[in-house]
Structure formats: C-alpha cells, structure tokens
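Participant: Sequence order for the protein chains is A and B.
Going by the working numbering, the letters in the first sequence line up with residues 1365 to 1817, in that order.
Going by the working numbering, the letters in the second sequence line up with residues 1365 to 1817, in that order.
Please note that a few of the clues may not be correct.
As the list claims (entries may be wrong) - Here are the simulated DSSO-like pairs of lysine-lysine, each with C-alpha atoms no more than 27 Å apart in a straight line:
no., chain 1, residue 1, chain 2, residue 2
1, B, Lys1366, A, Lys1366
2, B, Lys1372, A, Lys1366
3, A, Lys1609, B, Lys1368
4, B, Lys1368, A, Lys1368
5, A, Lys1372, B, Lys1366
Worth flagging that the hints you see were computed from the coordinates, not collected in a lab.
Because the structure is a prediction, the values reported are computed rather than measured.
Number of protein chains: 2
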Amino acid sequence: MKTKILLKEEDMPTHWYNVMADMPNPPAPPLGPDGKPVGPEALAAIFPPALIEQEMSAERWIPIPEDIRDVLRLWRPSPLYRAHRLEQALNTPAKIFYKNEAVSPAGSHKPNTAVAQAYYNREAGIKRLTTETGAGQWGCSLALAGQLFGLEVRVFMVKVSYHQKPYRRSMMQTWGANVFASPSEITNSGRTILARDPESDGSLGIAISEAVEEAAGREDTNYALGSVLNHVLLHQTIIGEEAKKQLEMVGEYPDMVFAPCGGGSNFGGIAFPFFADKAAGKEIALVAVEPTSCPTLTKGVYAYDFGDAIGLTPLLKMYTLGHDFMPPGIHAGGLRYHGDSALVSQLHYEGLVDALAVPQIETFEAGVLFARNEGIVPAPESTHAIAAVVREAKRCAETGEPKTLLFNLSGHGHFDMASYDRFFAGELRDYDYPDEAIQESLKHLPKVKFDMG
Amino acid sequence: MKTKILLKEEDMPTHWYNVMADMPNPPAPPLGPDGKPVGPEALAAIFPPALIEQEMSAERWIPIPEDIRDVLRLWRPSPLYRAHRLEQALNTPAKIFYKNEAVSPAGSHKPNTAVAQAYYNREAGIKRLTTETGAGQWGCSLALAGQLFGLEVRVFMVKVSYHQKPYRRSMMQTWGANVFASPSEITNSGRTILARDPESDGSLGIAISEAVEEAAGREDTNYALGSVLNHVLLHQTIIGEEAKKQLEMVGEYPDMVFAPCGGGSNFGGIAFPFFADKAAGKEIALVAVEPTSCPTLTKGVYAYDFGDAIGLTPLLKMYTLGHDFMPPGIHAGGLRYHGDSALVSQLHYEGLVDALAVPQIETFEAGVLFARNEGIVPAPESTHAIAAVVREAKRCAETGEPKTLLFNLSGHGHFDMASYDRFFAGELRDYDYPDEAIQESLKHLPKVKFDMG
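Chain A on its own, in the form it takes in the complex (with noise of 0.2 Å):
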C-alpha cells in the first residue's frame, strides 16, 4: 500500500500563492493610531521593501527566488502522506492525506516563512534580524534562516520559557542565534521593566517591544514575525500547493481541508490555494482549526484591534478576543493567541472559511491514537487539526461518505514531551468557553471608525 506520496524536487512550486488576488473583498487596510490606513513607509523602519510589497501585492502568483528554492530543498518538497492505519484505525470510509511538515530541521512549518524572510533582509542589505518567541517554535526557524543566509539572529525569549524550556534554547544556539531572557538588559523596553520588578517572568508583550526596539533603533537591523501577517501566510502557501499537486499524482482532491489555526499562517499555509478552487467554483471546504480556551473565530468578534497586547501595533481588521484576553496556559502554545490573521478573519467572516474549537484532551486523545498508528508524534498544535479529522472521520464512518480528508501535520512533538507526560498523568483539563473574561477584553477594543468606501 502506497504510503508516501513525494515530489521530485524540481517539481517543487516555483511561485507562492496570494490568496489576495481572489478574495471577492478586497482585505480591510491595518489602521494606524489616528484611525488612517498605514502606508508602506510606516512599516519601513521594520521590514525590507519586499516583504512590504508582498504585504500589499495583489498579484495571483508571486516567484520564489531561486536562492529561497535553494535552501527550502534541505527539506522540500514535504512528503504527502496516507494516513492508512489510522483509516483502519477508525474503521471509516474516508480516506484521510497529511502533508508533514514536521521534516524540516527545526521541526515545524515555521521555516518555510523564516528562510524566505531572512534571504529578503539581506538583498536589502541587512545584517541582523530581532523577534521574539514563546516556546521557541518561530525562534528557531528564525535562527536556522539567518545562519544560512549569514544573518545575525537576536531571539528574545520569553525568560520563563528560557528557564523551563532549554531545549528549544540550546537549538537556537546550535545554529548561531543570540538568545537573550526577556526582559533583558539590552534594550531599553527591557531595563525599564526590570527596573519595575527584577524578577519579572517576563510576557510575550515584553519580549515584542524589546525585539522590535533593536530593530526601529538600528539601521542595519530589521524584524521577522512569525504569523499574521500577509507576507507571513503567502511563504507557507507552497504547502498546500505542493499537497494539491501531491494529491492529484493519486487522482485525489479532498472535500474538507483542516489546519491548526493560532495567527494563521499553518491554516493559510495549507487551505488557501485550494481556495484558488473553491473561489473558481469547486465544492470544498476549508476548516480552521482552534482550542475551545481560545476560540478567536468561534466566539471571537470581527473588528479592528491590535496585533499585540500592549497595544504597538498598527489596528489589523480581525476576529479577536480582545488585545489583553489572557487564554488558559494550555499546551498548544502555537494557538493562544487573541487574534488571527486579517486574511483568514475576513474570509472566515465573509462564509468561505469555515472554523471548528476543540478542546484540550480531545487534542490528545488524538495525538496519541495517531502517533500509535502512524508513528509520528505530533505537536500539540497539530493534534488540533488531527481531532478534528477524527471527528470528520468517525461521521463517515456512520454515514458510509467516502470523503477525502486533507489536514496539515504542522510539526513534530518532540520538544513537547512534558506535555503529554501531564496528560497520561491525568493532569490536563480542559477549559470551557471563558465567558466573562472575553467580555471583559472585549470592553478593551479600541474605538476606530473605518469607512471602506
């Protein structure tokens, strides 16, 4: 039974994506403070000129540069797989593909974005890139990019994380990356919190201002975001284009497609070239993936609000939660996040995206019956959509539908091992829809007034 299906790498898509160009709505602007679209030139002091007019760009197909090809090779084209066991597994007619992006050095989809932006700052002349990470996920991409194309890279982790979770740390490090504990002493965000409380623990928050302190201050130094943006969601196009084309070498095309959905860019990533098709007319549908502890697209509302917690950022048009909803620390470190990507909010507010909240053991639950049937032990962000497949599977199995199921198996668990272990240990809990915290943050949303026309 054909288990892989692999693309040569010369087949590998020569251009991304840019799910902008069929979008039957064009995508609401970012606002700025006073309330007016932000220009390019706002966002200069940050990014180079071509991730910029890729933020904007509404051309259909947007070419990757050789040298980018040249280093997503070291591990793409991704294989495509048939999940037969877990079929099997589940006694269910449908047949069940997952593209695995869990093979590329940092063990996530993240590089596909990482590499791109990285080979963008030096063209324009770059020598040092600033983000922050969480878990370490984005910082280790961001990390191996940079080394590859001769960047300096500064991580500011978050300093909890940086205590409790070395690893991620360690493989930061092993690929030349600065990794400094946020709140640090070398910016000033960092010295003025510390100051504050020399204990502090640190935040996501913090960690932002500091990164993007570094690079507003220094002309030879930018910065690199992981999610949300456009730019962000149109590098990791090349997977679901690469899956399309996997999937057609078998004769298949699936119904439902379903991706883990935190910022977006794992969604957008896999789900938005078969919109290409559903935007032609094709019957399909694109269903993103998120945690009952933060359902931005569930129960979140569509308005403008910051990107951030703090409150830095430019106004982005989103499902959100609230800029200061503080989700349950759950183990899907990946999706607690109050927003989501313009792109994906819009398309999901206009019916052509379609989203689905599960809950924490659930996710497991799923995790576990896959690993012990496929082998790969997944992330806790990537069992979100793999629970959602088993939901979706288990219907088939009842209803006797052959349908053909797509889901994006984002990365790999390995550095979240604690995670399950607290699961087996009957540790984990799930939380319910947190009511009265969303309205709460709710109230926070700041006051925009936004004409279209």
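With the hints as your guide, set chain B onto chain A.
Facilitator: Below, chain B without anything else, positioned relative to chain A:
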C-alpha cells in the same frame, strides 16, 4: 542544485544483505560457559525461530516480508543527501553524501530492526517483548514497533535515566509501552538489587537481567536486542542497499563509507552492502568511527568475552575492552559499549574494515558545523561519523583529491540538546585512552579456548 536523492517506495529493497555469505572466513560461533558452541536451542527461550535462523544463516539474500516493508514505508526509503553546504564550508573538492536515518518516527535507524523483530515475534505467537534501554533510543524504537504489530512492550529503563531523561520515557508511553525504572520490583533480579540497595540508580547490566528474566520466565514473552547480534545488523543493511541505489541514480560510488560504531548495527547497516563489492574486488574503505573514550576496535583485543557487563550472555568473539570496562560518561550513550558486533570485529581483525577513534569535543564541533550548514541537528552518536568525514574532506582540500564520501546520519539530536548545552558552556572534556582502566578490565577476560578446526 539537487540536494536530496529520493527512492520511490516501490524501489525499497526487497531483501536484506547477509554479510556472512561473503566473509572470507566463517564467523566464530558464540560459546557457552563450557566453551562449546551455543546451538539454536539455547536461544529459543528468548528469541523466535526466524530470528535464530537469521542469526546463523549463510544465505546471501534474505527476503523482507511484505508486512515489514509495509511498516517501513512509514519513513523509508530514507533520503540520501548531497551535503552541498557542508562541502562549501569546508572548501573541499570531496563530494559528501549522507543517508538520513533521522526521519524515522523514533528519530534514528533503530526502528529498522525493531520492526522486523516485532514482526517475527508476532508471527511466532509471542504477545509480549521485553528489553532494556539506557537513554531511551532503543526503547522508543521497540515501543513503536510493538505498537504497530499489536505486541505489549515492557522496557526496563536504567533508573537514573528514567528520572533524568523523562522525554524518551514519555515517548515510549505515547507508543503504548510499559516503562519500568530499573531496578524494579517486578523481577527477582530487580528485587535482589533493591534489597541490597534500595537507592540503586540502576545500570544497563541490571536492566538486561530484568528484561531477560521476564522473557525467559514466560511462555508468551520474548526479549529483543538493539545491536550487536547478527540478525540485528542484517535488518539494518536496508540502509546501505538504499544508499547504493541512490548513489547509482546520480552516477556516484563512494571511495569511503563512514558510520558511528558502538555495538555495530549503525556501521554494519550502511557498510555491509558495500562490503559485498569489496569482497568482489572493488576498492572502497569502510570506516567504523568510535569515541577515543571507548576505543573498542582501535585499542581493544580480539578475544572471547561476555556481551554484557555481568556475564550472563554467551561468549562472543569480538574486539573488547573487557566486559567490566566502564567508559567515561560521554554524551554519545549509544557508543559506550565495551565490545562490538562479532561480524564487524572479525572483518576488522581481517583488515577489511577500518576503524578510527575521535575525541568528544571534536565530534560536537563537527555536529555544530553540520547543523549550521545542513540544518539538521545530529545525535551525538552521529557526530562521530561527521567528525571523521570532516577530517577526510579537509585532507582532500589539501591534496586536491575529489573523493566521494558517504556517511550514515543515524539520528537527530532533539533529545540530546542538554549535551549541546554543555558543549557550548565549555563543560565537555576529552578523555584520553584510559590505559590502566583497559589493562585492568582486560585481566578479567574469561579464559576460554576454542579451536575453529
């Protein structure tokens, strides 16, 4: 630039290569305590008939059952890489290729034999497998394989590792294995040790005793070993067979093949299929790379010795440092073995296989160089092969020889980041050949005489 050379699933080898068919002299047989060769019946208490037959077989090609191939397809054929970036970094005219065995779900080459052993045990009606594990690489592989063939797996994990390296334990549990800290209360061996020393940290020797006791004492239970034995090396030859096909696809043939060598399955796996050509007159160097701190092939003696530290196993004719030699606590746990496979040992004794010892710090330097150029963070065992290849590639840079070098990247370092941490912190040291220690332990070699005639 083509980076990966991929075989199609349908081109995965259908037979294992048995090096015994091409050895100039038949391998020396294992001996019992009475100095007489051990017959198949002595092994039947803990191994299934098919594996005992493979252990003794002189057939050149042994078919791989379809059920095994079907599981191997979850990650095989593994990719062969051309290390373009490493070559550039070394400014060498050498061509460097590596086989990436880190792509298996357990992260190393070990599942190649775990899957075969689980299959043959299931076919023999066995319900349960026992084994020992130190850091957990082998335990993980057997847990995965047992799960896929519906066997219960009991892993006795050295207690100090059980507590200090919890993540491989969690992985075994994710794959459904029962993991016991050894010494445990569930065996006589364990209880005896605990009665003497309730705080015992355990050792690999004790864990072996517990696993073998469980297997010998129960009709439905067998024991599985991760290296050293002939059938284990046989199952690994799929690595070298694939590599040969892949090199053929790009018109290459190696001048030298390198692999780490502890018990010998890593080295035998990639090197033996090339030995077939060497036996037929082809010029090729096969280099087993070991740590200077445990220099079995380079500083040991070729003699009959016990396979384990305590003296439970039959006597094996092999290079040994003495069965009670205790190597220093280097980070390449898989290479801390006092002996070596009888097959590798005999080929080395006959001058057909070369050996090279490299010091610890050089191996980590090579690992970091590799990670920064090729992306993948290698396991400390694998860095031994990399260090040897780096030496050779530098030599080629001096002489201008465009040699073709192949090595086995046997595993990733995701569970070894604490070792990289210590390397970066300058806390690692090299161990010189511990002369007196070896001379001391060699005094304890069992006195056996066995005349091949």
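Participant: For the pair we were handed, Lys1366(B) and Lys1366(A), check the Cα-Cα distance against 27 Å.
Facilitator: Since the Cα atoms of Lys1366(B) and Lys1366(A) sit roughly 25 Å apart, the hinted pair holds (cutoff 27 Å).
Participant: Has the given pair, Lys1372(A) with Lys1366(B), been kept, meaning a C-alpha gap of at most 27 Å?
Facilitator: Holds, because 10 Å separates the two Cα atoms, which is no more than 27 Å.
Participant: Has the given pair, Lys1372(B) with Lys1366(A), been kept, meaning a C-alpha gap of at most 27 Å?
Facilitator: Cα-Cα ~10 Å, so holds.
Participant: Would the pair Lys1609(A) and Lys1368(B) pass a check requiring their Cα atoms to be no farther apart than 27 Å?
Facilitator: 19 Å, holds
Participant: Would the hint linking Lys1368(B) and Lys1368(A) be met if the CA-CA limit is 27 Å?
Facilitator: 16 Å, holds
In the structure shown, no violation is registered for any of the earlier numbered hints.
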